[in-house]
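Visitor: Chains as they are written, first to last, in numbering that gives the first Met the number 0: chain A, 0 to 266; chain B, 0 to 333.
Calculated directly from the structure, the hints in this document are not laboratory data. We put the CB at the ideal spot given by N, CA and C, even for glycine. Mixed in with the good hints there might be a few duds.
Looking from chain B toward chain A, a few residues come up when the C-beta cut is under 7 Å (computed) [said to hold, decoys possible]: (1) Gln34; (2) Gly149; (3) Ala156; (4) Thr213.
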Amino acid sequence: MSVTPVRIQGGAVSIGGRPVLRGIDLEIREGEFVVLLGANGSGKSTLVRACTGLLPTTHGSLHLFDTPIGRFRDWQRVGYVPQRASAGSGVPASVWEVVASGRLTRRRLLRPLGRVDRRAIDDALETVGLADRARDGVSQLSGGQQQRVLIARALAGEPELFFLDEPNAGVDVENQQALADALRALHARGSTLVTVLHELGPIAPLTQRAVVLSQGRIVHDGPVDAAPGTVAAMLTGHVHHHGETDVAVTFAPQLSAPLDTPPEEAR
Amino acid sequence: MSLHELLTYEFVQRALIAAVFTGFAAPAIGTYLVQRRLALMGDGIGHVAVTGVALGLVTQLSPTWTAVAVAVLGAVAIELVRERGNVNGDLALALMFYGGLAGGVLLTGLGGQSAARLQQYLFGAITTIGRDDLIATMVLAAIVVVVGVGLSPQLFAVSHDVDFARVAGLRVRYYNLLVAVLAAVSVTVAMRTVGLLLVSALMVVPVATAQQLTTSFRRTLGVAMGLGVVASVGGLVGPAMVPSSTVVAPGPAIIMVALACFVLTWPIGSWTRRRARRRAPFTDSAPQVHEAAESHPHRHAAGCGHVAVVHHDHVDYVHDGHRHAAHGDHYDEH
Numbered sequence: 000m001s002v003t004p005v006r007i008q009g010g011a012v013s014i015g016g017r018p019v020l021r022g023i024d025l026e027i028r029e030g031e032f033v034v035l036l037g038a039n040g041s042g043k044s045t046l047v048r049a050c051t052g053l054l055p056t057t058h059g060s061l062h063l064f065d066t067p068i069g070r071f072r073d074w075q076r077v078g079y080v081p082q083r084a085s086a087g088s089g090v091p092a093s094v095w096e097v098v099a100s101g102r103l104t105r106r107r108l109l110r111p112l113g114r115v116d117r118r119a120i121d122d123a124l125e126t127v128g129l130a131d132r133a134r135d136g137v138s139q140l141s142g143g144q145q146q147r148v149l150i151a152r153a154l155a156g157e158p159e160l161f162f163l164d165e166p167n168a169g170v171d172v173e174n175q176q177a178l179a180d181a182l183r184a185l186h187a188r189g190s191t192l193v194t195v196l197h198e199l200g201p202i203a204p205l206t207q208r209a210v211v212l213s214q215g216r217i218v219h220d221g222p223v224d225a226a227p228g229t230v231a232a233m234l235t236g237h238v239h240h241h242g243e244t245d246v247a248v249t250f251a252p253q254l255s256a257p258l259d260t261p262p263e264e265a266r
Numbered sequence: 000m001s002l003h004e005l006l007t008y009e010f011v012q013r014a015l016i017a018a019v020f021t022g023f024a025a026p027a028i029g030t031y032l033v034q035r036r037l038a039l040m041g042d043g044i045g046h047v048a049v050t051g052v053a054l055g056l057v058t059q060l061s062p063t064w065t066a067v068a069v070a071v072l073g074a075v076a077i078e079l080v081r082e083r084g085n086v087n088g089d090l091a092l093a094l095m096f097y098g099g100l101a102g103g104v105l106l107t108g109l110g111g112q113s114a115a116r117l118q119q120y121l122f123g124a125i126t127t128i129g130r131d132d133l134i135a136t137m138v139l140a141a142i143v144v145v146v147g148v149g150l151s152p153q154l155f156a157v158s159h160d161v162d163f164a165r166v167a168g169l170r171v172r173y174y175n176l177l178v179a180v181l182a183a184v185s186v187t188v189a190m191r192t193v194g195l196l197l198v199s200a201l202m203v204v205p206v207a208t209a210q211q212l213t214t215s216f217r218r219t220l221g222v223a224m225g226l227g228v229v230a231s232v233g234g235l236v237g238p239a240m241v242p243s244s245t246v247v248a249p250g251p252a253i254i255m256v257a258l259a260c261f262v263l264t265w266p267i268g269s270w271t272r273r274r275a276r277r278r279a280p281f282t283d284s285a286p287q288v289h290e291a292a293e294s295h296p297h298r299h300a301a302g303c304g305h306v307a308v309v310h311h312d313h314v315d316y317v318h319d320g321h322r323h324a325a326h327g328d329h330y331d332e333h
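Only chain A is shown next, with the shape it has when bound in the complex (with noise of 0.2 Å):
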């Protein structure tokens, strides 16, 4: 008997009082590539931070593999990339750490890491093609290949669901062809993907079902060249809705000592 990934009935979530998704209704099968579109605020990431449990649903249900998520502790069944901002923090970090800490699903306390451990880390790593820079500091790599070492901590627990948060931000095209290939690959081992997209670029190809959403609502379901003029636009990239602007941003997590000069200053 299948399982089903995600199911959500009725499910609403409210951040801070304010309701923010309404009346979604979402089942999401084994092996799908689903994404999830829309402009900014209309709930998307808010839609993927329910599903992981990190903001709780106001009304209806949700369920992980047709468990309550309330009830839900397979975790390790479940990988997370969130949006890139959090790849650096006070204390340098090695590529090869930070994929190492998503094993940590399957890891139980104060055991050393297998050698099952440390070939899904390297499996990883050549997944999203970064082999060669396991040793290097996250914070020297550019926000591309940030975002796909982010990727290859998620896989690094061999999760069978993925939940990815707009991959594709500030990330340069020969990163984001990078990128489709390593989902690419996931899709064909058999996961189940749900990736929150501010335009398609080169995943469109991979993908068989777009989720539109709308203030709170879902307003399209089906197939992605089904989908309203403005997604069949953003597949094509000629729509610039708002909230262009923060795409851009590349956010490169710098590391320097008190006394050190700001980057852009320093050229």
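Chain A is already provided as a structure; the job is to place chain B on it using the hints.
Guide: Here is chain B on its own, set in the frame of chain A:
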């Protein structure tokens, strides 16, 4: 006095042991504080712990254990305030910090204890550490090191990316509280060595030094712990070697040694970072228009002295605000 003679004194031996344990423990937890950008949290806990010490002095209980208790309570309170992410959170923390410091000093006076006694805890008095306090220091420091290193995969993940850790099923809140409690414990461990007012420095400065030289978290943690020992032993033994007519307090000396290490390594770190920045590959696509550089007698090549930066399938040479890419017999502006 030679080092050998010095080591025959029991109080020196005790001080050395305390220094080694403290030097290991303080940066072990300090690394996580720096990673969360909470470098000053140790300082806050130190302020709160002053009240704990005063309580111990006044009630004739062991100031070490009352300090541990009050510091842990304070650290948990700080963490809970931080967790709520309240806009006024930092104000709440300020109230707690200065309340702790003022309360401690006031209590000491009310209890009829001399300020000099409190001073031992404020600025450290490692050479007066007794046997019981030494054992307490060793046990607490060992706990901090074992937990800080043993749980490093989990603590790293939680400090690095809270959302990811949460989705990975980690009990983020417990780990956050654990870091706060460990920070409180290492504050009290370091209290006898460098004093409550300088505690934070021993937790954080070795980490700042280590990250000038490292690109990985584990190595930063290890190097910081090593540097912590170097600083605390160096600051203790160094002053003992100078003529006895000069008075050098070990606590501040330890911090000065730690800072000296930072000052020595910072230029190296600064240079490597600037180098990495200048050589980071260009990710923009090649320009659509073909713009040839004006007369350019110099021929760029590997080692020609100009910064070479990878740009897709070729190399741009950067000089005088231009990016030159070879194109046949001339250079293009990229």
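Visitor: Give a verdict on every hint.
Guide: Structure-based check of each hint:
1. The beta carbon of glutamine 34/B comes within 4 Å of a beta carbon in chain A, closer than 7 Å, and the hint placing it at the interface holds.
2. Evaluation of the glycine 149/B hint against chain A yields a held restraint, the C-beta minimum of about 5 Å falling below 7 Å.
3. Taken as an interface hint, alanine 156/B checks out: its beta carbon lies about 4 Å from the nearest beta carbon of chain A, inside 7 Å.
4. Taking 7 Å as the C-beta cut-off, the interface hint given for threonine 213/B holds, the closest approach to chain A being about 6 Å.
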